[in-house]
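Chains as they are written, first to last, in full-length UniProt numbering: chain A, 1 to 354; chain B, 1 to 354.
A hint or two may mislead.
Which copy is meant is left open, so a pair is good if it fits within one copy or across any two.
[As the list claims (entries may be wrong)] In silico lysine-lysine, PhoX-like type, Cα no more than 20 Å apart, as pairs:
#1 LYS80 x LYS258
#2 LYS80 x LYS321
#3 LYS187 x LYS211
#4 LYS202 x LYS123
#5 LYS239 x LYS266
#6 LYS325 x LYS83
Read the hints as simulated data drawn from the structure, not as lab findings.
2 protein chains.
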Amino acid sequence: MKKELSAIEAKYEAQKIAFGPMFFQSVIALRDLGILEFINKHRKGVSIDTIVETLDVSEYGINLLIEAAAVIGVLEVENKVVKITKIGFFLLKDEMTRINVNFMNDVCYMGAKAMTDSIVKGKPEGLKVLGDWPTIYEGLSILPEPAKKSWFDFDHYYSDGAFPEALKIVFRNQPKLIFDVGGNTGKWSFACCAHDADVRIKILDLPVQLKVARQNATEKGLLDRIDFHAIDLLNTEQKIPQGPDVIWMSQFLDCFSKEEIVQILKNAYQAASETTTLYILEPFFDNQAYPAAEYSLVATSLYFTIMANGNSKMYSIDVMKELVKESGFEVVETYPLIGDSYHSILECRKRADV
Amino acid sequence: MKKELSAIEAKYEAQKIAFGPMFFQSVIALRDLGILEFINKHRKGVSIDTIVETLDVSEYGINLLIEAAAVIGVLEVENKVVKITKIGFFLLKDEMTRINVNFMNDVCYMGAKAMTDSIVKGKPEGLKVLGDWPTIYEGLSILPEPAKKSWFDFDHYYSDGAFPEALKIVFRNQPKLIFDVGGNTGKWSFACCAHDADVRIKILDLPVQLKVARQNATEKGLLDRIDFHAIDLLNTEQKIPQGPDVIWMSQFLDCFSKEEIVQILKNAYQAASETTTLYILEPFFDNQAYPAAEYSLVATSLYFTIMANGNSKMYSIDVMKELVKESGFEVVETYPLIGDSYHSILECRKRADV
Chain A
1 MKKELSAIEA KYEAQKIAFG PMFFQSVIAL RDLGILEFIN KHRKGVSIDT IVETLDVSEY
61 GINLLIEAAA VIGVLEVENK VVKITKIGFF LLKDEMTRIN VNFMNDVCYM GAKAMTDSIV
121 KGKPEGLKVL GDWPTIYEGL SILPEPAKKS WFDFDHYYSD GAFPEALKIV FRNQPKLIFD
181 VGGNTGKWSF ACCAHDADVR IKILDLPVQL KVARQNATEK GLLDRIDFHA IDLLNTEQKI
241 PQGPDVIWMS QFLDCFSKEE IVQILKNAYQ AASETTTLYI LEPFFDNQAY PAAEYSLVAT
301 SLYFTIMANG NSKMYSIDVM KELVKESGFE VVETYPLIGD SYHSILECRK RADV
Chain B
1 MKKELSAIEA KYEAQKIAFG PMFFQSVIAL RDLGILEFIN KHRKGVSIDT IVETLDVSEY
61 GINLLIEAAA VIGVLEVENK VVKITKIGFF LLKDEMTRIN VNFMNDVCYM GAKAMTDSIV
121 KGKPEGLKVL GDWPTIYEGL SILPEPAKKS WFDFDHYYSD GAFPEALKIV FRNQPKLIFD
181 VGGNTGKWSF ACCAHDADVR IKILDLPVQL KVARQNATEK GLLDRIDFHA IDLLNTEQKI
241 PQGPDVIWMS QFLDCFSKEE IVQILKNAYQ AASETTTLYI LEPFFDNQAY PAAEYSLVAT
301 SLYFTIMANG NSKMYSIDVM KELVKESGFE VVETYPLIGD SYHSILECRK RADV
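Only chain A is shown next, with the shape it has when bound in the complex (with noise of 0.2 Å):
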């Protein structure tokens, strides 16, 4: 939005703000009835006469859903004959576009009109129409359908991309010893004992994530070279161990509000030595390539207020540098957007004037 914009404009892009979820939810009806579907196999475009006699929807229904589909610039629509338009496109077949509807409608839509409340209690109060849990990692297996799956693809998605760029990264000085904080279900440990066939493994995360940690990697067969560390790292009582070449920390910050990654890089700076390499892995809503990856990523943190904990978000890269100094260590590395994904790795050290 860099160009200024006349009253007009900017009344128009108003309305648009205004009427969003009608729309969001007028395309979620055009792509579940297979209207847009339909209209995307005829790529020369299709008279809304034929749409009306091939698919079993109203003739009120399609022409509605063809009238909102036309205002917001998903189909075309010209002497009654409709075609699919590039962003129709992207919101039928692109994946990034279509696990982010998903996440929207079957996950946040609801919880999303808790947002004020949700601010103003510092809880995550849109959870409730899902469940009664604190946070939505307590609820995660637990999750109903499609909020499940849907949870779970959006997880999946802005995190397995960024994993073999990583894996470079972190062994070019071959660590023999690596704290997976935050480990999780122990999809990164596993990656690692794949990548290097001496590597040791700690994973540090809540018992209950843990034990499917645990039985995971016992199904892999990976007892031997990982074991784990049960910590709550919001408990300052509780210290990560000493001795990691490497401290890993993916994707995990960003359930944490600023006080507390601050309280929890303390925790690793006591941990590490002078050789210790501290990686944070992060999608940084910043520095992204593309405004589509920006928008995601700040709509991600509007998921973490309403329905995850209420006090969490995607940080921008210089506020996660001033965290990581703050708490003693240095960023002597910058790895921007690696690989295929919206990640960047902050290389760090102990900061010598500490």
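For chain A, the structure is supplied; the task is to place chain B on it using the hints.
Coordinates of chain B only, in the frame set by chain A:
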């Protein structure tokens, strides 16, 4: 959306649709927590630190909502100084935009989730979140707040602007007897009585509506000039009486499906003489001066689907003219966008060739 978008632009536009509801709710929070108003008062900009110090909202919430607002062009942030944009100003101060936002949030947001269902069933399935009525019309007087206020603000805003100019058009030929079909609370009839000292009016509507209209007419001392005719226009047995100089239908036909409109207009046809004029006042979505207005009217169609009655919509001017013709009338004059309103008037007479 006339110009051809690049893939990157189209993907961005698709994400705007995908996260429309999330950003909508972030704007609601930004407004309801007083942040938008505070920023608006500082036209030259205000630092985020000052906002955090002044307002009783968490630093987390303020940063989050400002980041979200910047992404959608509601605020501009430069060197941690925030300014409101034109879009933000419209959201905060423009009457149409405010009314649309509140209508979306208070009346339609939760119900919109049921759009696919509403189309499949041909019923306003979203209405259930407000109350247990077959259509919203049965529930209007007992809607829960804030839905009730937002509904009436919306209805009021989109109808009253047309009346002054409409009176001039209708009274050009000094009608003695006007039938106000679907007269609702009587607002148009009272305006007619104020405009012309001699005109007599018959309000035709459902008994429950006539009760309100009669009460209002009594209070205004107009019972000697206005009478009432109870009629259910969806019942083909019930006929509009003969004899009016003018049959007036103001924002009435958009409450019905195309088939029902033809049925109602045929009923008007049997009541009309060669000298009767039928006036249809409607906001046609394809006949608007500004894209913001077209956008709002198409969104209103979607409201009819999910919340109002499940089968009506705003019409294009061509479709309405076809329905007029099919019913035995012809449009002898079109008055586009009369006065300071979104409405056009179709002046119709019985066709000579029927």
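For LYS80 vs LYS321, is the C-alpha pair at or below 20 Å within one copy, between two copies, both, or neither? between (55 Å within a copy, 17 Å between copies)
I want to check one pair: LYS187 and LYS211. Are their C-alpha atoms no more than 20 Å apart within a copy, between two copies, both, or neither? within (14 Å within a copy, 68 Å between copies)
Treating 20 Å as the Cα threshold, decide for LYS202 and LYS123: within, between, both or neither. neither (31 Å within a copy, 57 Å between copies)
How would you label the pair LYS80, LYS258 (within, between, both, or neither) given a Cα cut-off of 20 Å? between (54 Å within a copy, 17 Å between copies)
Pop the pair LYS325 and LYS83 into one bin, within, between, both or neither, using alpha-carbon distances up to 20 Å. Neither: 53 Å inside a copy, 30 Å across copies.
Classify it for me, LYS239 with LYS266: is the Cα-Cα distance of at most 20 Å met within a copy, between copies, both or neither? within (10 Å within a copy, 82 Å between copies)
The structure does not agree with the numbered hints 4 and 6 stated previously, though it agrees with the rest.
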